[in-house]
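S.K.: With the hints as your guide, set chain C onto chain B.
Going down the list, the sequences are from chains B and C. Numbered according to my numbering, the first sequence spans residues 30 to 298. Numbered according to my numbering, the second sequence spans residues 59 to 552.
Only true hints are included.
What follows is a set of in silico ranges between Cβ atoms, one per label pair, in the way DEER data are often shown:
| no. | chain 1 | residue 1 | chain 2 | residue 2 | range |
| --- | --- | --- | --- | --- | --- |
| 1 | C | Ser208 | B | Met203 | 39 to 45 Å |
| 2 | C | Pro112 | B | Ala125 | 44 to 50 Å |
| 3 | C | Pro112 | B | Phe52 | 42 to 48 Å |
Quick caveat, the hints were computed from the structure, so don't treat them as lab data. Nothing here was measured: the structure is a model prediction, and the numbers come from that model. Backbone N, C-alpha and C define an ideal beta-carbon position, used for all residues, glycine too.
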Amino acid sequence: MRARMIGMWVAGAFLALVALAAFAPDLLASQDPLQTDVRAALQPPGAAHLFGTDQSGRDVFSRVVHGAARSAGIGLLATVLALMVGLVVGALSGIAPRPVDAVTMRLTDILLAFPEFLVALIVVAVLGPGGVNVAIAVTIAAVPVYIRLARTQTRTLRVAEHVEAARILGVGPMRAFTRHVVPGVFGALSVLATIGIGSAILAAAGLSFLGLGPAEPDPEWGLMLAGGRNVLGRAWWISVFPGLAITLTVISATVIGRTLRARADGSAS
Amino acid sequence: MTAVDVQELRVRMAGRTVVDGVSFTVAPGECVAIVGESGAGKSLTARALLGLLPETAVVSASRLEIAGTDAAELSESGWRRLRGRSIALVSQDSLSALDPLRRIGREVAEPMEIHGLHGADRDGRVRELLTSVSMPDPQRTVRSRPHELSGGMRQRALIASALAADPTVLVADEATTALDATVQARILDLLRRIADAGTAVVFISHDFAAVRRVADRVLVMRDGVIVEQGAVDEVMRAPRSEYTRALVAASTSAPRAQTRPEGGAVLRVLDLSVAFDRPAVVGATFTLSAGRTLGIVGESGSGKTTLARMLVGVQHPDAGELVWASPQRVQLVHQNPLGAFDPRWTIARSLAEALQAAGVPRAERPERVAGLLAEVGLDPELAGRRPRQLSGGQRQRAANARALAADPTVLVLDEPVSALDPTVRGQVLALLDRLQQERELTMVFVSHDLAVIAAVCDDVLVMQDGLIVEQGPVADVFAAPRHPFTRELLAAGS
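With the rest of the complex left out, here is chain B (with noise of 0.2 Å):
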């Protein structure tokens, strides 16, 4: 119990520095991430370059604080998307008529059987390389997982007996479901949300590895794992970096998403 909530208080902490990086990356990088000095490359961690520099000799340090803005937006981005479009189409799907709902659940399912990486792949490759497409992609990818648990949430607080209780009260049946149906599913969604950010980060980042997410010279933790690949022996640090930026990342929204999720099924039962 006591591992766990320092656990908890680490990963907050650290996801903590990942948002003051995104959002005021010169308060912990003074140097530009984008400047080259090829006099300086290949330089190991040191005094002058906290982590480095790459091939270019541009400080890794501040390309990996100046890179948390697009990786982690973007996968914050498409959850937060993959979450909207799913709480729509999902509680919509849970009160149409049967054809309409069954046409939804379909499509859903052939989504659903694809790999999520592979379905985010070939977004890609049909709308073409970039940030915002990336986001698109992995929020398709992950979209179908958000619209079933909206429809089936939907469906079993329609019949719920304290939304039933509240139309023999009177309550009109479109306030019943705006009042007390949709918050119910946007709250088991959230709960969805916290854990799929992580693995919606990753996505990107491997999108990015792949040279599929935004260009270089553009600072980004999945491009800079891709960059340092050709010199791991000589300079493991461009590639180290950035490769644990996005582990600990990703570890700490699980860890926090997980918590989260024990605390709304402790509340429940």
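M.R.: Below, chain C alone, put in the same frame as chain B:
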């Protein structure tokens, strides 16, 4: 020799002493009941006998002997040798106590396998056990899975499994609470037979009616302490503490003394029927009299809740008519007040919503919410709580308050007190009685519990398999039941 000998048992959990100095013995062939309300420590006492308390619990006893084995300082592996062989448990929820994927035969045979007791003819022994607990059609039941059986049959399977390794002591923890009255009576008779055959039975219950049928001696527990003990007859005839008196009173069915005056008919129900997969209510015909309380009694699946829902209008009948004498405002109080409130909303907000639906202007709502809470006797400080943060009795009061927000003339209550402890139940029933007088309400009261029906109702409908088999004033029906099912119900409850 005694089968169970416990002296000075103490259990501490989360810094509180939840069982405090409990001592008792049980002899072979004897059934000892432990009675009390929820939180009294009776289940924890039972679990201590089995070494099944949570790891966070600190247990101490000056003596804890189970079937001649000193169990006070037993290790987990020592307990495992004891459980099943020397002492076995039958719990309340047979659906979750039985493995859903395993057939009943395997489940029953498991204790024999663990203790290496089964001879060559294991299947024969399993059938023998199932027969001994009066399981209908044991040949077929052996191959059934738990969900294919009724609640009573599952409870029998659970008892057969508990008896498989021929334990010296059988602990039944609220083993009949979830069952219908007539099924409960049969299981209680079975437990009595098991005791008569030489097993020591520890029977945990909150219900004196059940205790009287099965137990020789009774211990009454409250707040972790035994407040009273003795032979069942003596304790029930002359309870010494107020608490025991309330528990006993809650289990006896004496028809209410003064009945309310016969009013005009508020509602005539003519030949009302509805079917889902099978007929749920068939040809219900009766009259609801103004200002009186009509009880609907029956076992689970008898159609009583469906009938109540048709009166409120949430269930549409397939055939038949509801003829209201004049326009009425009908409100339903749900069976499960925890589910009937939005879990995310405070009680005040739910009440305000009900007032809004009833057309009360926004500015007047806070005052009216406070008024409703006062009317049902709820502390105004509870208004800011969510349903989960209230006790069962408080939730039931809140549910009543919400139904009153619509200023109803007819109130339909579905099992309003079945989940409540006896003393709380008495308070809620008193509240309903007061509300009825003050507001001149006509009430419909659905319950499986004859004692409750007798205490609050003027008229009664007895339902079985969707049919109203008997109806009339409560005093008449209870004094001279005409239908065999009514007689069986009354026999099961006394």
